[in-house]
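Q: Just so you know, the protein sequences line up as chains S and A, in that order. Residue numbers for the first sequence, in this note's numbering: 1 to 764. Residue numbers for the second sequence, in this note's numbering: 1 to 764.
Treat the hints loosely; a few may be bogus.
No distinction is drawn between identical chains; accordingly, a pair holds when it is met within one copy or between any pair of copies.
Derived lysine to any residue pairs resembling SDA-like cross-links, with alpha carbons at most 20 Å apart [claimed, not checked]:
no. : residue 1 : residue 2
1   : Lys446    : Tyr515
2   : Lys669    : Ala375
3   : Lys174    : Leu372
4   : Lys431    : Gln468
5   : Lys174    : Thr368
No lab work stands behind these hints, which were simulated from the structure alone.
Read off the chains here:
Protein chains: 2
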Amino acid sequence: MATLGDIAVGAAINILSAFAFFLIFAVLRIQPVNDRVYFPKWYLKGLRSSPLHAGAFISKFVNLDFRSYARFLNWMPAALRMPEPELIDHAGLDSAVYLRIYLIGLKIFTPIACLAFAVMVPVNWTNGTLEHSNLEYSNVDKLSISNIPIGSRRFWTHLVMAYVFTFWTCYILKKEYETVASMRLHFLASEHRRPDQFTVLVRNVPPDPDESVSELVEHFFLVNHPDHYLTHQVVYNANKLSSLVEEKKRLRNWLDFYQLRYSRNQSKRPVLKTGFLGLWGNRVDAIDFYTLKIERLSNETSSEREKISKNPKSIMPAAFVSFKTRWAAAVCAQTQQTRNPTTWLTEWAPEPCDIYWDNLAIPYVSLTIRRLIVAVAFFFLTFFFMIPIAFVQSLANIEGIEKAVPLLKPIIELKFIKSVIQGFLPGIALKIFLIFLPTILMLMSKFEGFSSISTLERRSATRYYIFQFINVFLGSIITGTAFQQLDNFIHQSANEIPKTIGVSIPMKATFFITYIMVDGWAGVAGEILRLKPLIIYHLRNFFLVKTEKDREEAMDPGSLGFNTGEPQIQLYFLLGLVYAVVTPVLLPFIIVFFALAYVVYRHQIINVYNQEYESAAAFWPDIHGRIVTALVVSQLLLMGLLSTKRAAQSTPLLIMLPVLTIWFHMFCKGRYEPAFVTYPLQEAMMKDTLERAREPNLNLKGFLQNAYVHPVFKGGDDDGESDVVSVEDLKEEEPSIVPTKRQSRRNTPLPSKQSGSLAIVDQD
Amino acid sequence: MATLGDIAVGAAINILSAFAFFLIFAVLRIQPVNDRVYFPKWYLKGLRSSPLHAGAFISKFVNLDFRSYARFLNWMPAALRMPEPELIDHAGLDSAVYLRIYLIGLKIFTPIACLAFAVMVPVNWTNGTLEHSNLEYSNVDKLSISNIPIGSRRFWTHLVMAYVFTFWTCYILKKEYETVASMRLHFLASEHRRPDQFTVLVRNVPPDPDESVSELVEHFFLVNHPDHYLTHQVVYNANKLSSLVEEKKRLRNWLDFYQLRYSRNQSKRPVLKTGFLGLWGNRVDAIDFYTLKIERLSNETSSEREKISKNPKSIMPAAFVSFKTRWAAAVCAQTQQTRNPTTWLTEWAPEPCDIYWDNLAIPYVSLTIRRLIVAVAFFFLTFFFMIPIAFVQSLANIEGIEKAVPLLKPIIELKFIKSVIQGFLPGIALKIFLIFLPTILMLMSKFEGFSSISTLERRSATRYYIFQFINVFLGSIITGTAFQQLDNFIHQSANEIPKTIGVSIPMKATFFITYIMVDGWAGVAGEILRLKPLIIYHLRNFFLVKTEKDREEAMDPGSLGFNTGEPQIQLYFLLGLVYAVVTPVLLPFIIVFFALAYVVYRHQIINVYNQEYESAAAFWPDIHGRIVTALVVSQLLLMGLLSTKRAAQSTPLLIMLPVLTIWFHMFCKGRYEPAFVTYPLQEAMMKDTLERAREPNLNLKGFLQNAYVHPVFKGGDDDGESDVVSVEDLKEEEPSIVPTKRQSRRNTPLPSKQSGSLAIVDQD
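Looking at chain S on its own, in the form it has when it is part of the complex:
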């Protein structure tokens, strides 16, 4: 049992390690050579094109201004200084609202922690239950609900506090929902003209023997939206083409690598073997080899490109239909078009760069079957993932390896290596699985057939949360695999389950405190170091970078990673709400996590991350829903816990809590959620009217014509010069969109014509 002292030591260690991370970060970040790793966002925004310090050659790589080392924690206030509106302008609404999740954590838990320490710690501490019992206990337990004698009237304090905490949480949640909803609406209202405002994605266009998809779409919308239809773009099945383009990009990297090597050492031309992994085969001149291969691929690409544009079979039964006004697009996206609700499905078109092109052509029946398959697969993944891992673990023991590869036997038998394998191997299978879990979940979502990256990420986040809830939260409280738990729960009565879990909760407080410190504190502090991008950048920089453009490409700012980050935060909400009444001593640890994470992620969002898409905070209903879930779980577990403490007279009052909380959720859902899924006609009409007054001669058709062309067609290739030209033409047409400062082509929250052309950067 960990005492308060143990925890203090643990905290000290973790604080020190976090501090060490910060120190290393502080040193690394002011080295000019790392500038593109720690400030890529500024490069992408076009506000910085070379490290700030100029001067001697050496100072291009190492910072010699020693005064700057003294101010090594300066980045923290700097990160906090940027006001929210500027942040939204700088990094998009998604990022700004993502930061608010941490803020909500602080807003909810700081007052709760104060109240809990003022009221409940004394109430818990001034009992002697644990002292008089023969149980082993620690000081932490003395501060928790376990210290209160069975049947005591002091439980009323906990009951009242549960009400107070619930009301406070709901109050904050409601206020926050309101704020975020109005931020979203304001953001949408003040946005520049973007193609997705006028465009609707139509899926499942029914086959027609007489007309091509394009004609069919045009006729259908000319008939059914006669005054509003403007233009449309069909969707090509360019999956093969884009894999060719990918391949070409990879080859070009190799060519660059060899060319660079040759230019550094001109004495001999680089050679390579053509066989497997370059280990055997004919020796050829590397530069010639890759030049030839790229040329061949270029031909293949252009013939494939031609095939796609000529062959009607490569047109998928989906199209992007654009309207003359936002009003008409809002109308079309929110209504049903035909009798058959599985054809002519309309929905808002995602931003061009948010589209997941591969999924656009899945028919309705296939979608429902995929949904069933994924649901079943996810169920098995959650509850039975331990089975294959245990199998791998059983294989990966020493005897197994010795049998499989007898050669290694003498090495393995060494005592040191043997103990490493025995201690390390069983864990590594699990670790690898957990590292790949988000990818697996993302693949599931992709298979399910969502058509935009933002939806894919939101869906994966939901699944990841469920997985964590069952396997981390419940799994830590009731030891045993998820499947054993499931089996237990099936064989237990409905009111036994909260009891079983509730009883174990106070005992696991110290474990979760340690978890928060290691995973939360040190993890967040490690995040700021960006170790992986740092290494990769320097490798690429050394081997591949020839021009300034290459260097820009070598930067990997990454993005927030909503699908992994958000479920992580939700776990802390869950822990905080569950332990608020039971063991309030856990709360400060959570508050420190939220504060630290807020500062670190604010810094990263300002300086590093570059969001791929902008969903205008469409994820907020999920966040809200999960915090409410955590609240209900905490109430049920408290009910279970109290019922074992013979405080049964409080049960009816406790039952009211989840009922009220769920009602609160439904109220919020009705009141605020529509702001995140629909687009009110009044807003649309307002923007349309304004625009018509401001720019009566706007050529909207020109603006929309090429917005939804598959990225590989968008002049992504050298030999596609004509396309590039067309994109350039469009740019000239609309100087009004581009603000005064130079905008990088990689940045998302800009008018998406620009972001659409990121393909140009990516593919040559």
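Using the hints, position chain A against chain S.
A: Relative to the frame of chain S, chain A by itself:
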């Protein structure tokens, strides 16, 4: 334990009683004097204005044509003869589709019964488990699953059959959903022009300090639907006025009564006492008294009418907004109007006669609170309704009555009366509760704030079904009150519950067979007699009827009563599906019920019922959903039953069944449900275009102007002559709507201007 013989006797008794009902009906219906009770629909349709037989005075009341007595079961083939399209034309789509529910029952259960008798009865019968056991058993049990030894491999038959039955049911359900959806769409497409096609109900118009509700609505829609807005009508709070009108109608009935009495016996003018219930007080001339009172009420009514139209506070924040095209109305009904999703709520306007006027002004927040209250209230009603009834029962015993009214003591102590009270009183409280239950549920739905009668009925039906499922189905299987069951279930594990219920199921087969015969067979046969309307009609006819119009009013055709009838049918689906695998001998009884009910209700729909509203089969998703629920319940119970029979190796296969069934339900929901809740734009556009081509000079504004006026304003009163005139004017404007045969003003499926004017009939 009932043997097969007992059941045969029971069946014989119930068949005979049903036969007796039919016989009495056959005699009563051919008496001309009852013509308006048994054929009101034809009078309302205007196809009949006096009994068919003319001739001598006596034959006006009694049928003397003895040959017609011989053909006493003739109505049955006659009822079946009318083809479905004609039926839809005659009685509306709602009624026609309602009949299809019975047909589905036949379609599902007839093949299932054949298969079950061919396969499962032999499998069950050829075992000796029950014979060799010491248990008491009957022949019925020998035909059921109870007769199979524990752990037998014969359970595979039941498993396979469960799959076959599920697939068959799903197949029928899917086909039927498809048919009904296309019937609905065809019905909507071929409908005459109706005001609700062009109109949207707008609720929660936000208050504005500068503009009246009417101006606000007009400006809002002129701005946000500029090309489509046509006109609007505000909603008045006329609840007080309509109660005044009601009161006046009641007084007029009394006046008619006394006038009729005077005209029959002119020797003395009728008098009455003004005190309580006419028992004491001053004696006054009855005719003068009521004439005076009616006059006073007339003045009050007209002043109230004036007050409403002058006072802006009597305008509710709701309005009916009409558009120039169906397309625009469909758009407005299916989109969100403003940022704030709780104001300017738009939905399809119900038919004018379907509107529940009292609920139109409930604000959004109040709606969500009401929903919470009703949910909690319904929970308590379902699980704790026995508590007040037990309380009443404990009061209503002999000692209680003797204490309360000592005078009655000698009478009560009589042996016969004592036994009647003891045997009868405890049951009567429950009986009264069950009779009033649909009314209570309807009140709940009204309190919840739905704005159309059809939604109210659908909601009540859902609640009634849940109540029946818990209290009749589960309550009969596991004896004990619903609350005791709930308590049991909470204390049982999730996989114990289906076992507990599953085990008792085979034992309750005979009980349910009896229930089906009494409630189903005899109940349906009793329905055709229409005893209550028969008596009331003759009473009214004798005391109140002066003119032909009065007689028309004295008819009470009633309507199908979806909120009570449908849950009843669903109980039979549940029983059939649950027992199909367990005790197939129950199936023929259910088939007889469905066949009988189909014929009887087809007759009633053709000849009697007059639907209040036409929702175009909007209830079908509920029907489908409940049959699927029954299917899943039956699968879970079978799983529970088999797991107690040590046929556990079949469990994984059985688990797949509910998963597949639920997936089937979701598939159907996505595929067909939209047809019942949305109105596809293509359809709307088609009708608009056709109409524009056919009637280019249509005065739509005139058609819609007064469609959504509150019934009490629609010239409902003698002194409202001007209003009557305006309605008459409208009629003349559009001769094209009224088909060649004279259409009664009371009939619903007509263009609703006509049905709106039913107020004229009702209120003078």
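Q: Would you mind marking each hint as holding or not holding in the structure?
A: Evaluated hints:
1. Lys446 with Tyr515: Classified as neither: same-chain Cα gap 32 Å, cross-chain 52 Å, threshold 20 Å.
2. Lys669 with Ala375: Cα proximity of Lys669 and Ala375: across copies only (17 Å, versus 24 Å in one copy).
3. Lys174 with Leu372: The answer is between: 18 Å across copies meets 20 Å, while 34 Å in one copy does not.
4. Lys431 with Gln468: within (14 Å within a copy, 52 Å between copies)
5. Lys174 with Thr368: Answer is between; shortest inter-copy Cα gap is 15 Å, intra-copy 34 Å.
The structure shown violates just one earlier hint, number 1.
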